[in-house]
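Those protein sequence lines, which keep their order, are chains X, Y and G. Going by our numbering, the residue at position 78 of the first sequence is 85; the numbering climbs one at a time, nothing skipped. Going by our numbering, the residue at position 198 of the second sequence is 547; the numbering climbs one at a time, nothing skipped. Going by our numbering, the residue at position 309 of the third sequence is 331; the numbering climbs one at a time, nothing skipped.
Think of the hints as simulated: they come from the structure by calculation, not from any bench. Among the hints, erroneous ones may be present.
[What the hints assert, rightly or not] Listed below are the simulated DSS-like cross-link pairs for lysine-lysine, each with C-alpha atoms no more than 25 Å apart in a straight line:
{"hint": "1", "chain 1": "Y", "residue 1": "Lys689", "chain 2": "G", "residue 2": "Lys326"}
{"hint": "2", "chain 1": "G", "residue 1": "Lys170", "chain 2": "Y", "residue 2": "Lys689"}
{"hint": "3", "chain 1": "G", "residue 1": "Lys219", "chain 2": "Y", "residue 2": "Lys689"}
[Stated by the list, open to error] Quick list of the computed label-pair ranges, beta carbon to beta carbon:
{"hint": "4", "chain 1": "Y", "residue 1": "Pro819", "chain 2": "G", "residue 2": "Asp246", "range": "55 to 61 Å"}
{"hint": "5", "chain 1": "Y", "residue 1": "Leu594", "chain 2": "X", "residue 2": "Leu133", "range": "33 to 39 Å"}
{"hint": "6", "chain 1": "X", "residue 1": "Ile145", "chain 2": "Y", "residue 2": "Glu572", "range": "30 to 36 Å"}
{"hint": "7", "chain 1": "G", "residue 1": "Gly278", "chain 2": "X", "residue 2": "Leu150", "range": "26 to 32 Å"}
{"hint": "8", "chain 1": "Y", "residue 1": "Ile825", "chain 2": "X", "residue 2": "His148", "range": "51 to 57 Å"}
{"hint": "9", "chain 1": "X", "residue 1": "Glu99", "chain 2": "Y", "residue 2": "Leu594", "range": "37 to 43 Å"}
{"hint": "10", "chain 1": "X", "residue 1": "Gly75", "chain 2": "Y", "residue 2": "Lys845", "range": "54 to 60 Å"}
{"hint": "11", "chain 1": "Y", "residue 1": "Leu357", "chain 2": "X", "residue 2": "Ala96", "range": "54 to 60 Å"}
{"hint": "12", "chain 1": "Y", "residue 1": "Glu572", "chain 2": "X", "residue 2": "Leu133", "range": "41 to 47 Å"}
{"hint": "13", "chain 1": "Y", "residue 1": "Ala366", "chain 2": "X", "residue 2": "Glu121", "range": "32 to 38 Å"}
{"hint": "14", "chain 1": "G", "residue 1": "Pro321", "chain 2": "Y", "residue 2": "Ser806", "range": "53 to 59 Å"}
All C-beta atoms, glycine included, are put in the ideal place defined by N, C-alpha and C.
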Amino acid sequence: MQPPGRTDTGTVVIATLLLILGAAALWESREFSALGSIFPRTIGIVLLIACMITLWRTLRGRTRPSRGLFPDGWVRGVLLMAVMSLWIALLEPVGFVVAGVVAYVLLALITEREPMTLWRFLRFVLVAAAFVIAFQVIFVHGLNVQLPTGTLFVSRA
Amino acid sequence: MDLLAYALAALSVGNLALALIGVIAGTVIGAMPGLTATMAVAVLVPFTFTMEPAPALILLGAIYTGAIYGGAYSAVLLNTPGTPSAIATTFDGYPMAKRGDGDLAITLACLASVFGGLVGAICLLLLAPPLAEVALAFGPVEYFWLAILGLTLVAALSEGDAWKGIVGACVGLLLSMIGSAIVGGDIRYTLDTQFLLGGIGVVPALIGLFCIPVLIDLVTSREEHLQIEGKVAGFRLGEAMRIALRNKVNLVRSSGIGTLIGMLPGAGGSIAALVAYSEARRSAKDPDSFGKGNPAGVIASESSNNATVGGGFIPTLVLGIPGTPADAVVLGALLVQGIKIGPALFTEQSSIAYTFIIGLIVATVLMLPVGLVLGRYAYGSIIAVPKALLVPAIAFLTIIGSYAIQNNVDDVIVMFGIGVIGWVLNCYGFSPAPIVLGLILGPLAEQGFVQAWMIGSATDNLLGMYFGRPISLAIIAVATLTLLYPTLSRRYQERKARRAAARTH
Amino acid sequence: MITDRCTQIRRIAAGLGLAAGMAFASSALAQPLTYVIAFPAGGESDVTARIQEPALKAASGKDVVVQYKAGAGGATAWASLNKMPADGSTVMGTNLPHIFLQPMEKDVGYKTDDLVNVYIFQLTPDAIVVPADSPYKSLQDLIDAAKKAPGTITLAGSGTNSGPHLSAVTFNKLAGVKTTYIPFSGTATSVAAMLGKQVNGAMTFTTAAIQQGDKVRMLAVALDKRLDSHPNVPTFKELGIDMTSGVFRGVAVPKGTPDAERKKLSDLFGKVNQDPAFRKKMTEAGFVIVDVPYDKMAPFLAAKSKEYEAAAREVGMIK
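Using the sequences and the accompanying hints, generate a full structural model.
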């Protein structure tokens, strides 16, 4: 049960957002054909009801307290997401290997809590290079699966 | 029958070697989060074109079954299913690992996978033609009710808050409707982009929903991943076997469910494991212990998902209709070899079919020693690898895994996007499993429903269509039971307790 | 710690050495022909390409590398064709009517004219198929049953606004009946539904019927003349229904490919079509070899465009 006097604002926000999503889904379904709208409408309605019940239960304090976004500090988590987004964005421009090695090292640096030494850093770089290149070789040359090559580099040639 | 001759052929040195290599390779690939069993089969298929058909099939079958088993490793040790069919293994496998029973969980997974795989393969060997007829008897209505049965699991999977689970399932269901509808042809919820025209792929979404939250957790928490006091324990084989024997009903039932659902074209292995888990939970004496590290959950999930391997080959070999997506790839490989697929395979070229099936049995048996050894090694190395190197490795695998499905960066974007959304939802009690359920079962439910509607209206038999067919009635019964059983049994217990209390007065 | 570093250095050296070796080896070979398939591995387009592979290798002297770029029913690949290398080293499989119907229906990221087809090499003809023990022994039986009870006869097919859907609607119009088309997720599931008697019949392809062998009966085939492998199956045309349709497969190149390369590739695929081993494998499976080379492409596509547009209007796909 919630400690008295503290509402789980996070859940309230989420439930409200999803309520709006359900409503939007219902709204969009006006344009669908008869058969194509049965499921979207039903699901939309169920979603609305379930969100409303969840909201009610949360506001009445009948739900379990949730963990919250970052119970242990937000910096590392946000950095992880930032690095991964960058990684994905850079996959095509700089290619699989470069993006992979750089991102690997960055993520290792973010995760590591012990103080950073030069040797540790080098170890990260070596492992990153070995790991990424090994996979690159296996996938592209061994299995004939294409991986992004850097378009930035190629077009210069 | 020339079964003996086929058995000898399957046990030839070459084929044995292929089975062994396949199981090892499959297990390793399946263990890596992001690389799925279907992908393992798909990328390795071109290598089989230069082989004879029977050895090629044995290799592919061994890879497939190894990969399905391998998915348990990351499910138990990293809380991310290595392959979609291992979703249910995370529910109890990871809690077991957290309390130090990870090695037990992995050994159990091995035993269960071997048992389930054998059940599926033996059904394939002895009962394939009649079972294929059963598979054909499942029409759109049955698929619809089966999907509904799957959705009733939502309540069971939501860690206590059923309504949040329903919300999650609805989100998953809505996500599954993005794109071009198979029935009706509407283009729905694509926000007018070409990006969403193909819909949200199940595999990228699954990888994202399960792996991204785990990554964020690993990065933000202070502890090393999976602390173990004392030495890394051994196989705990004896203990595992005792648990398996205690759960023999669970084992047999889950393997049966896996074989049955695996042989339904279009249903796929991930649903089998979830249905088996739900049934195991429902019929257990202590259903609330599921999800907290009850070995029975691991047993149910792993035996059923390996049973889908053999089960899936039933319609594949008998009818030429793939039971699971990996089977479609295998069929393609056969076609390229010039093998006539379809009924002719069992009649005109039965030697290939039977040699393959026995080879599959051999590969499954080989999975026992291979699995135990690899499992110990995997367990030891995951514990030993420092978190700083583990996190980037997992992130890397999620990216390459979602990219390699269709050689498309869009899938990686979907993976990450859905992953972040899933993480936010999970932080507030909306767990990912119902979302995945909705995503997987949505198309099944909708197509089944609408197809049944069209056929029913065409034949003026709507009500009879949905409620008049024996198989659907059986499924409806099970679904209703699953929904109502907890409440009914609670009320029954309460009444019993009241009566007992009244008697003592 | 020290052993860790040594192992790592050893690992990296091995990896780099391997990579260097591979790179060297691959540069020594002639540039391979990249054959991109717009559908997942194991499908019919993939199988066709694999069967073509040995003949392509023999006729061109080059290695063939098959790649997959599945998604959105082929649209993902077709929308990306013109971004691929336009030097004659890359071809992509195309399917009719898909490349006509998809852009007609919605914005899929490409227009039919964006794809430069250099050869159309195969036709998988439509066929109406029923289970072997079905009460309909001939197409006329089916038509009579449909006329007696309009709408109650159900035909399974793959997809909505797809080739089979359009064929079913065209069949209805030309035969003057009303059958109900039930869309399924693919050929396999629609054949399964037909076999399991969930529907009365399937509007599917000869390849699917041949796979099922004795378990099914083909009522009619949408070709100009009867299939060699099934001389007993009449064509729709003979029965008074002027319907010849099916899925055509061809290859296209990126728009920037120079004319000389286009002609070269067209000749190459033409040669492959003449290869006797290739022809045998294709016809045994139920495919029909067709030859529409580059110089005959434009009128062929124009005629098909008109045909598909008419059928699409019939179905209500476009107004």
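Cross-check of the supplied hints:
Under the criterion of a C-alpha separation no larger than 25 Å, the hint pairing Lys689(Y) with Lys326(G) is inconsistent with the structure, at around 32 Å. Of the pairs offered as hints, the one joining Lys170(G) and Lys689(Y) is violated, with about 38 Å between alpha carbons and a cut-off of 25 Å exceeded. The suggested pairing of Lys219(G) with Lys689(Y) holds, with an alpha-carbon distance near 23 Å, which does not exceed 25 Å. Our hint of 55 to 61 Å for Pro819(Y) and Asp246(G) is violated, since their Cβ atoms are close to 46 Å apart.
Against the hinted window of 33 to 39 Å, the Cβ-Cβ separation of Leu594(Y) and Leu133(X) comes to about 48 Å, which falls outside the hint. Separated by about 33 Å at the C-beta atoms, Ile145(X) and Glu572(Y) satisfy the suggested range of 30 to 36 Å. As the Cβ distance of Gly278(G) to Leu150(X) is approximately 29 Å, the hint placing it in 26 to 32 Å holds. Separated by about 53 Å at the C-beta atoms, Ile825(Y) and His148(X) satisfy the suggested range of 51 to 57 Å.
Checked against the hint of 37 to 43 Å, the C-beta distance between Glu99(X) and Leu594(Y) comes to roughly 54 Å, which is inconsistent with it. Checked against the hint of 54 to 60 Å, the pair Gly75(X) and Lys845(Y) fails, with Cβ atoms roughly 41 Å apart. Taken as a hint, the range 54 to 60 Å holds for the pair Leu357(Y) and Ala96(X), whose Cβ atoms sit roughly 56 Å apart. Restraint check, Glu572(Y) to Leu133(X): a C-beta distance of roughly 26 Å breaks the suggested window 41 to 47 Å.
Hint check: Ala366(Y) to Glu121(X), Cβ distance near 45 Å, so the stated range 32 to 38 Å is violated. Distance hint check for Pro321(G) and Ser806(Y): the Cβ-Cβ separation is about 43 Å, which falls outside the suggested range of 53 to 59 Å.
In summary, the numbered hints that this structure violates are 1, 2, 4, 5, 9, 10, 12, 13 and 14.
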